[in-house]
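*Asks:* Chains A and B, in that order, are what the protein sequence lines are.
Numbering-wise (the numbering used here), the first sequence opens with residue 1 and increments by one.
Numbering-wise (the numbering used here), the second sequence opens with residue 1001 and increments by one.
Calculated directly from the structure, the hints in this document are not laboratory data.
Cβ coordinates follow ideal geometry from the N, Cα and C atoms, glycine included.
Where hints are given, some of them may not hold.
[Claimed, not checked] Result set (DSS-like, lysine-lysine): computed pairs, CA atoms no more than 27 Å apart in a straight line:
| no. | chain 1 | residue 1 | chain 2 | residue 2 |
| --- | --- | --- | --- | --- |
| 1 | A | 193 | A | 225 |
| 2 | B | 1153 | A | 302 |
| 3 | A | 193 | B | 1006 |
| 4 | A | 225 | B | 1137 |
[As the list claims (entries may be wrong)] To give a feel for the contact side, a few chain A residues facing chain B, derived at Cβ under 8 Å:
| no. | residue |
| --- | --- |
| 5 | 58 |
| 6 | 119 |
| 7 | 142 |
| 8 | 192 |
| 9 | 220 |
| 10 | 312 |
| 11 | 384 |
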Amino acid sequence: MRKVAVVGAGMTKFMRRAQETGKELAWETAKLALDSCELTVKDVDCVVMGTAPDAFDMVHMKHEYLSDGAGAWRKPYVRGFLGGGTGVFTACQAWYHVASGMFDVCLAVTEEKMSSCLPHPQGAFVTCWDQFTESPLGTSLLWFFAWEMNRYMTSHGITEREIALVSVKNKKNALHHPCAQLPGEITVDDVMKSEIMAWPVKRLDVSPTSDGAAVLVFASEEVAKRITDRPVWVQGVGWCLDTMYIGQRDLYYPKYVEYAARMAYDMAGIKDPRREIDIAEPYDPFSYKELHHGEGLLLCDKGEAVRLLVDGETQKTGRQPWCPSGGALGVGNAIAATGVMKVAELFWQLRGEAGERQVPGRPRRGVAQAWGDEMQVGTVVVLGV
Amino acid sequence: MSEKIKSWPGTPLGEKEIKEKRILVTEWQPNLKYAWDTGAGYGRYFAELKKGKIVGTKCNKCRRTLLPARLFCEWCFRTADEWVYLKDTGTVNTFSVAYTGTAAERLKVPRIPALIEIDGSGGVAIMHLISDVDPWKVKIGMKVKAVWKPKQKREGAITDIDYWKPI
């Protein structure tokens, strides 16, 4: 397989509600990403689209609707869909389009417009449960996260206050992100006092719903070396799906993330991810998820992520910063676009272009991860310079 | 950030713009109805619930119980070997005290959704609700028992079990 590089990136602000339509967001961002590496749509050989459920917009085959904004007119075009795992998977998908030798330049476009769904986009998930054994109970999507957080906390003896530190860290990191929706200086007490959504999940443990788009430009080695002297290489990709039957797996640990990570690390030749990875962007739609996913990414032992957090190792200036972008908790969570925002963060950090967010010590390798589908898919990308 | 990017696209709107109708929106509410077939596996599972029994299937090769009952084992990809009756008691695997409903609306009285490991299944859990207890006294590992709806009110659905109650 050929070497593949990320050569350009762009994103919109993440917003509670954007005035722009989905395709306007996609267009502005695709143009921005192409401009950032001085390519035009004529240089693009194929386009991959990542956007989460049609039910958010209730636009049938949303990727077709978005296609002109994504630069896909008269080009090979395909949508990947893994729910919340879509964004990082879109990067995996772009990678294999180019690695296969079929295309030299692939535009990876992700877009989400959650605000169209009233009264709250959570209602769009009403059909994501089993229609016989689950939905009739009057399910709420938050149940799932509450169960997982409770199981995780109880299995390892971790407290709500310790987990709240993730929200504190990420919202603070997001203060320096120009696209952030909910940056801020908050305290553990603020998190503890915020209203209970579904215990143990409280309002400040949860990322906001967002509108936004994020785009990456992928190129073959030959093209990448011609257009930039700072390509960021895709060193590994991985993805894995666990069972749909929620009662058949133990929620305390995301095995599917471990399997996806092992696939990506094997490809990247990484034997000890704790030492060989400089920065990580685990998916953090909920505070506990950053810790849970960090363990699945094999960045520490099971139940130990909280210790790294408390000791400051995952802070921006720590040994291995996690979510230096500010994550979904701080920047916002425009589902599919969040995954690409995380890969874009690695791209900017590894090129030393992250401005005030730049982590010290010239990071050379990073891992980004997303999670979704029926809360049991892991998608992983390793980038390096 | 990338030195080449000077300004970031996107125009955030607030509640104000929407309430004052300063932006144009088109509203639509779908009016759709569906009828889903339970199929053979779930069909019997629900028929047994109507009788007040919880039934699963077994894969003897993988030595595990399939619950909710289904016709094939996805591990070894064979037809399930037999039907097995399980107890209507179990252990709380995890739970929540939920103040939000399906569309994230606020609930005045919290519900206690839980995963309950069914006795006799080897630790396989089903999703259901706990009730008739102080929500803050529920614990992982607590033993619970099904509270069935009266026979004449059962309709062959997961809701034939009204809720689970600590024992």
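*Asks:* So, for every hint listed, does it hold in this structure?
*Replies:* How the hints compare with the structure:
Restraint check for residue 193 of chain A and residue 225 of chain A: the C-alpha separation of about 52 Å exceeds 27 Å, so the hint is violated. Note on residue 1153 of chain B and residue 302 of chain A: the hinted pairing is violated, with a Cα-Cα distance of about 46 Å set against a maximum of 27 Å. The suggested pairing of residue 193 of chain A with residue 1006 of chain B is violated, with an alpha-carbon distance near 38 Å, which exceeds 27 Å. Restraint check: the Cα-Cα separation between residue 225 of chain A and residue 1137 of chain B comes to about 62 Å, which exceeds 27 Å; the hinted pair is violated.
Interface restraint check for residue 58 of chain A: the shortest CB-CB distance to chain B comes to about 7 Å, inside 8 Å, so the restraint holds. Given the 8 Å rule on beta carbons, the hint for residue 119 of chain A holds: about 6 Å separates it from the nearest Cβ of chain B. Contact between residue 142 of chain A and chain B, as hinted, is supported at the beta carbon level, the nearest pair being about 5 Å apart and thus within 8 Å. A cut of 8 Å between beta carbons decides the hint on residue 192 of chain A: the least distance to chain B is about 15 Å, and the hint is violated.
Given the 8 Å rule on beta carbons, the hint for residue 220 of chain A is violated: about 21 Å separates it from the nearest Cβ of chain B. Because the smallest distance between the Cβ of residue 312 of chain A and any Cβ of chain B comes to about 25 Å, over 8 Å, the interface hint for this residue is violated. This hint is violated: residue 384 of chain A has a C-beta 18 Å from the nearest C-beta of chain B, more than the 8 Å allowed.
Figure legend: structure checked against the earlier numbered hints; hints not met, in rising order: 1, 2, 3, 4, 8, 9, 10 and 11.
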